[in-house]
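S.K.: Listed below are the residues making up each chain.
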Amino acid sequence: MKFKAWLKTITFYEILVGMAATMRHLLRYKPITLQYPHEKRTLPDSYRGMLALLRYDDGTEKCVGCDLCEAACPSRVIRVVSSEVPGEPTKRYASEYYMDMTRCLFCGMCVEACPVDALGMTREYEWAVYDKRNLLLNKQQLLAIGDRSYPVREKRLEFQHPNVAFFNVAFKNLPAKGT
Amino acid sequence: MHPVLDILKDKFPDAVLSVHQDKDRGDLSARVKAAHMLEIARFLHDDPRLAFDHITDVCSADYPDDPERFEVIYHVLSLPHGVRLRIKARVTEEHPVIASVVSVWKGAEFMERETYDLMGIKFSGHPDLRRILMPENYDEGYPLRKDFPAEGRGWRSSFPFLPKMDETAAVSNDNEVPEAEKQVFRAEVGAGSTRRTEELLLNMGPQHPSTHGVLRVVLELDGERVVKATPDLGYLHRGVEKLSEGLAYMQIIPHTDRLDYVCSMTNNYAYVRAVEKLLTLAVPERAEYIRTVVAEMQRIIGHLFWLGTQALDIGAMTVFFWTFREREVLLDMFEKLCGARLTLNYFRIGGVDSDFTPDLARRMNEFLDTFQAHINEYDSLIANNRIWIGRTKNVAVISAEDAINFGLTGPPLRGSGVKYDVRKMEPYGAYDKVEWEVPVGKNGDTYDRYWIRMEEMRQSARIIRQCLAQMPQGPIIADAPQIIPPPKANVMRDMESLIHHFIIFTQGFKPPKGETYCATEAPKGELGFFIISDGSPRPYRMKIRAPSFIHMGAFDHMARGYLISDIITIFGTYDIVMGECDR
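In order, the protein sequences belong to chains A and B. Take the first sequence: its letters are residues 1 to 179, numbered as in this note's numbering. Take the second sequence: its letters are residues 1001 to 1583, numbered as in this note's numbering.
In short, the hints are calculated from the structure, not lab data. The C-beta atom is built at its ideal place from N, Cα and C for all residues, glycine as well. Hints are not guaranteed to be accurate.
As the list claims (entries may be wrong) - Label pairs and their calculated CB-CB ranges:
(1) Tyr36(A) to Ala1469(B): 58 to 66 Å
(2) Ala1051(B) to Arg133(A): 30 to 38 Å
(3) Asp117(A) to Asp1479(B): 29 to 37 Å
(4) Leu1498(B) to Arg153(A): 18 to 26 Å
(5) Thr33(A) to Val1184(B): 45 to 53 Å
Between the sequences and the hints, there should be enough to build the whole structure, so can you do that?
M.R.: Structure below.
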């Protein structure tokens, strides 16, 4: 036993074992590194990247300005100013919508909280900027991200429901009061 | 009544004010008079019927309306009997002084310093009571007090310790630090060598690459030998505990990702388990299995990360590339599972976010098929390598008694031969349904800890394989409409779900009044969350028992007498992550 250990010491046995492992890798060389800016990984659909505001298939914004994303956000990224849709007193929308992406944790809580699926997480991740004030995004910018990342849009919520007639009570079609 | 509480009450009829056994959660707690704390601590430690030899945590809570405003809370653990006990003592605002228990448990030193730093409670008889996380000249107050605003006092630009960007830097020609400031880093007379004529103070970090973050250590040197090593923590302090007092229980989960950013799954798990224990909420079986699988995946990732970086620090480069190659495979799986690679936010209170699909199970099994060979490959590179052995054998040795006394957990404790693993002692998840073993070392040196981490990776692979085979079908999140948001598909379909959805996301849920400590075995050690709830939707106080922080308390003890180059090994031996250490 002692002789064996001595023999291993003088022959640098453990170094040889290590070198053999290295050599095996050298012969079966298969690079796993991606040349990043030139090659890019395909990300899964569930990837939690840049946030975006979405639209329905008729181009109207999904957001109803309910402030639930603001309440759910753990780091106070979102600010929503909600107002009535002009001419439709029963409908509301977000007239202003800001996201301070410098603070965002990309946790997806706002997306989970949104009752009408108006928010989405995209697969965009290259959002490094030189001036961090550029990361305070307004509604137009967020909608633009949504437009380029979600080309397939949903139908309006009213039309998604199996009992369309129940939801499809468009108040503007009702006769005005007093007539 | 639990026998421990009986013994305590019989021995100290006057000093123990009340004892309590939580029926739902099983926590034992005792309220004692602050004046008798040291006496009681010594009795708890020395009495063989109790043998509370391991200090888990020291923390404090602030009750501004109470005449005795501050509560100092000690969590102790009896390793021989496997019992946890919480001891609470109240002190007043005018005289916030309590006797230090450092003479009983040496590990209490850092914990008491933290309590002093963040709550302003003074520990009489503490050897070195200084601020630890906040800057030393911070005079804005004590951040965890309830009257301290969460935003902090004043703007960043008005803090005197931050450099002003619009002013020219002060020119100082004398580089010599005043003697009085050096004094805290000096060893007591008689420590170390007798031949020294002059000792040298060497500043290591915070920008040293081997410190894995921002950690500064002031070394007192005698030649190349370390006489005293004083860690200076807090460069990455973000006040997660203070932040979480202003957040609903659900919103804290993404913040726990950022504690130990190498192993965020286990942080999520530890936090979510603590909340579930507080709520006494049962989790579906499938969710328990998924949680076990992902926690063990995260353990493999954490240990691979440790192995790669530790070998890189010591000087072996190849291991680093190879371990990161395997880590990448697992991270890709996480990405598929929850959409992120590092800050995962996968756990939910009552279950998990998304299902572990059969496709992922297949990928996992494929990975495990080759993983055994990969571990053997790392072993072939370094296990017998004479440089690796020379750099790790008999470096950072700590005896079992000392390791327990310092409150070490995880691989640093098991390396010294103590068979303590939370997964075995208080089984959670699916750990009691699968077969696995706890590896323990003999010598308590870095090589043993290396061996333990390698062995733990093999055991993790074993656990995952069994879990994947046994995983039952079923829901992945508990059915508790008061606590858990309804499925998204129902929200715009039925009114009740919509109402629950709005209430849970705007107000959060309200757990019952109470407090609980819940420990989870993270790759670094025992990660515990102590939550005090006052019945509101936000935690009244949340304390994170971060293993990295507590391991740093033993750093001086373990570093004395070694060479400067060994300091790097000793950093690495704890598998320290500063995000968790400084919180």
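S.K.: Please go over all the hints and tell whether each is borne out by the structure.
M.R.: Going through the hints against the structure:
no.	hint	in the structure
1	Tyr36(A) to Ala1469(B): 58 to 66 Å	38 Å, violated
2	Ala1051(B) to Arg133(A): 30 to 38 Å	59 Å, violated
3	Asp117(A) to Asp1479(B): 29 to 37 Å	23 Å, violated
4	Leu1498(B) to Arg153(A): 18 to 26 Å	23 Å, holds
5	Thr33(A) to Val1184(B): 45 to 53 Å	46 Å, holds
When each numbered hint is compared with the structure, violations occur for hints 1, 2 and 3.
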